[in-house]
Amino acid sequence: MHSIYGSIERWRLTYGVPIRSWQEIETLHDPLDGYVSNSRLLEDKFAFMRRVCEQWYRVYAESIRKYDANHLIFGDRNSVHMHPLPAYAIEAMRGHVDVLSVNA
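If you read the sequence shown in this note's numbering, its first letter stands for residue 13, the second for the next number, and so on.
FYI, nobody ran anything at the bench for these hints, they're computed from the structure.
These numbers come from a predicted model, not from an experiment.
Take the hints with a grain of salt, since some may be wrong.
Stated by the list, open to error - FRET-style restraints, in silico, Cβ to Cβ: (1) Arg106 <-> Phe60: 14 to 20 angstroms; (2) Ala99 <-> Arg52: 17 to 23 angstroms; (3) Leu40 <-> Asp80: 44 to 50 angstroms; (4) Met13 <-> His83: 24 to 30 angstroms; (5) Thr26 <-> Arg106: 26 to 32 angstroms; (6) Arg77 <-> Thr26: 36 to 42 angstroms.
Every residue, glycine too, gets a C-beta built ideally from N, C-alpha and C.
Work out the full structure: start from the sequences and follow the hints.
Right, here's the structure in full:
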């Protein structure tokens, strides 16, 4: 959330949660309980997962290409648990994998 919102003040304005620091959020069991609409929370969860996916596929592809520049890179073949595969995951693979193969 820090990288998405930049400052605790901006995050506080978005959610209306009376938190004074990022460290305080980490100590709370459910800091957003009673403050957040489901749509806003879902948007932020997707933004976070998009960042995780982008980093994962970048590292994955760079590691393979380092040792075998001509290796055919398949996307996450075990994505059936994410059915349907979210758009952010497909976007994160763009530019990093050669083939998207979903094992269903």
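Margin query: Of the numbered hints stated earlier in the document, which are not met by this structure?
Written below: 4
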